[in-house]
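Novice: Respectively, the protein sequence lines represent chains E and X.
For the first sequence, the numbering used here begins at 1 and goes up steadily by one.
For the second sequence, the numbering used here begins at 113 and goes up steadily by one.
FYI, nobody ran anything at the bench for these hints, they're computed from the structure.
Any given hint could be a false lead.
[What the hints assert, rightly or not] Beta-carbon label-pair distances, calculated as ranges:
1) X:122 with E:107: 21 to 31 Å
2) E:17 with X:181: 43 to 53 Å
3) E:109 with X:117: 21 to 31 Å
4) X:174 with E:112: 42 to 52 Å
5) X:171 with E:96: 12 to 22 Å
6) E:27 with X:172: 17 to 27 Å
7) X:139 with E:111: 30 to 40 Å
8) X:183 with E:14: 39 to 49 Å
9) E:9 with X:196: 20 to 30 Å
10) E:17 with X:166: 43 to 53 Å
11) X:174 with E:3: 17 to 27 Å
12) E:12 with X:153: 18 to 28 Å
13) X:123 with E:69: 42 to 52 Å
[As the list claims (entries may be wrong)] To list a few chain X residues with every Cβ distance to chain E over 12 Å, as calculated:
14) 127
15) 128
16) 131
17) 139
18) 164
19) 183
20) 193
Ideal Cβ placement from N, Cα and C applies to all residues, glycine included.
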Amino acid sequence: DQQVKQNSPSLSVQEGRISILNCDYTNSMFDYFLWYKKYPAEGPTFLISISSIKDKNEDGRFTVFLNKSAKHLSLHIVPSQPGDSAVYFCAASFEGSDKLIFGTGTRLQVFP
Amino acid sequence: ETGVTQSPTHLIKTRGQQVTLRCSSQSGHNTVSWYQQALGQGPQFIFQYYREEENGRGNFPPRFSGLQFPNYSSELNVNALELDDSALYLCASSSGLFYNEQFFGPGTRLTVL
Numbered sequence: 001d002q003q004v005k006q007n008s009p010s011l012s013v014q015e016g017r018i019s020i021l022n023c024d025y026t027n028s029m030f031d032y033f034l035w036y037k038k039y040p041a042e043g044p045t046f047l048i049s050i051s052s053i054k055d056k057n058e059d060g061r062f063t064v065f066l067n068k069s070a071k072h073l074s075l076h077i078v079p080s081q082p083g084d085s086a087v088y089f090c091a092a093s094f095e096g097s098d099k100l101i102f103g104t105g106t107r108l109q110v111f112p
Numbered sequence: 113e114t115g116v117t118q119s120p121t122h123l124i125k126t127r128g129q130q131v132t133l134r135c136s137s138q139s140g141h142n143t144v145s146w147y148q149q150a151l152g153q154g155p156q157f158i159f160q161y162y163r164e165e166e167n168g169r170g171n172f173p174p175r176f177s178g179l180q181f182p183n184y185s186s187e188l189n190v191n192a193l194e195l196d197d198s199a200l201y202l203c204a205s206s207s208g209l210f211y212n213e214q215f216f217g218p219g220t221r222l223t224v225l
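The shape of chain E in the complex, shown without the other chains:
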C-alpha cells in the first residue's frame, strides 16, 4: 500500500519557467512532509519541509504548499535552472518519528 504517491514519473521544463512537482498521500496522521533531491550516484539531499500545521513554506526559489483537505502537497521551483535537473522525492513522517515514507520520485529535467 503506497501511502505517498508521486504520479508523474517525469517532468520537463524550460529554464527560467516554473517547475511544479506534485505529491499525494493517503494517511491523514502524517505530521511532517519533506522534499528531497537526488542526483545520480549521490544520496538524497534535503531540500525543504513543511509541518502539517502550515500550508506554505518558502526557501529561496523553492516553495512547498500543503493542502490537508486534499491530502496533496506540491513543490514549486521558480525560476527553474539546469542544475535543478534531478529526481525529486516527496516524503512524510508521523509525529515523534524519524521514519520517512517516500514516494516513488519524479525526474525533473530543466532544458535551456
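Since the structure of chain E is provided, determine the placement of chain X on it from the hints.
Specialist: Okay, now just chain X, sitting in the frame of chain E:
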C-alpha cells in the same frame, strides 16, 4: 565536518550469501536509519538505531539486522541473500530522535546474482 559515508560503493553477491554494509554517520549525529531503494522506487525504511539500540523497524524480515557502535557508526547485515535484495542501500543520520531532517550517504549498490 564530514558527511555520511558508506562502504563499499558497489557489491556483487550470489543468492544465499551474507553481506555487511557499513555507514559512518555525520559528526554529532547519534541516530542512524537504513533504507532500501529498489530500481524505480523510493527508499523504503528498514530500521533505525538510536544510541546503539534499535528504535523502529519497517516491513523487512529478520534476516535484515543491524548494529550501531559507540561512535554511532552502523552496520546493516543481510543473511541468506535473495535476488530481490538487489537494490541501493542508503544510510541516513540525524542528530536525535524526532529530528526529521536526515542526511543521507551516497549508498551501497548491492547486486545479488
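Novice: Decide, hint by hint, whether the structure agrees.
Specialist: Checked hints:
A hinted range of 21 to 31 Å for the beta carbons of residue 122 of chain X and residue 107 of chain E is consistent with their spacing of about 22 Å. In this structure the hint that residue 17 of chain E and residue 181 of chain X lie 43 to 53 Å apart at CB holds, the actual value being about 48 Å. At about 29 Å, the CB distance of residue 109 of chain E to residue 117 of chain X agrees with the hint of 21 to 31 Å. Separated by about 51 Å at the C-beta atoms, residue 174 of chain X and residue 112 of chain E satisfy the suggested range of 42 to 52 Å.
One distance hint, 12 to 22 Å for the beta-carbon pair residue 171 of chain X and residue 96 of chain E, holds here, with the actual separation near 20 Å. Between residue 27 of chain E and residue 172 of chain X, the C-beta spacing of about 20 Å keeps the proposed range 17 to 27 Å intact. With their beta carbons about 38 Å apart, residue 139 of chain X and residue 111 of chain E fall inside the hinted range of 30 to 40 Å. Take residue 183 of chain X and residue 14 of chain E: their Cβ atoms lie about 48 Å apart, and the range 39 to 49 Å holds.
Distance hint check: the CB atoms of residue 9 of chain E and residue 196 of chain X are about 21 Å apart, consistent with the given range 20 to 30 Å. For residue 17 of chain E paired with residue 166 of chain X, a C-beta distance near 46 Å keeps the hint of 43 to 53 Å intact. At about 24 Å, the CB distance of residue 174 of chain X to residue 3 of chain E agrees with the hint of 17 to 27 Å. The hinted window of 18 to 28 Å between residue 12 of chain E and residue 153 of chain X holds, with their beta carbons roughly 22 Å apart.
In this structure the hint that residue 123 of chain X and residue 69 of chain E lie 42 to 52 Å apart at CB holds, the actual value being about 46 Å. The claim that residue 127 of chain X lies off the interface holds: its Cβ sits roughly 26 Å from the closest Cβ of chain E, which is beyond the 12 Å cut-off. Against chain E, the non-interface label of residue 128 of chain X holds: every CB pair exceeds 12 Å, the least being about 29 Å. Every CB of chain E is more than 12 Å from the CB of residue 131 of chain X (nearest about 19 Å), matching its label as outside the interface.
Every Cβ of chain E is farther than 12 Å from the Cβ of residue 139 of chain X; the closest lies at roughly 16 Å, confirming the non-interface assignment. Every Cβ of chain E is farther than 12 Å from the Cβ of residue 164 of chain X; the closest lies at roughly 16 Å, confirming the non-interface assignment. Consistency note on residue 183 of chain X: stated as away from chain E, and its beta-carbon is indeed over 12 Å from all of that chain's, at 20 Å minimum. The beta carbon of residue 193 of chain X is kept farther than 12 Å from every beta carbon of chain E, the shortest such distance being approximately 22 Å.
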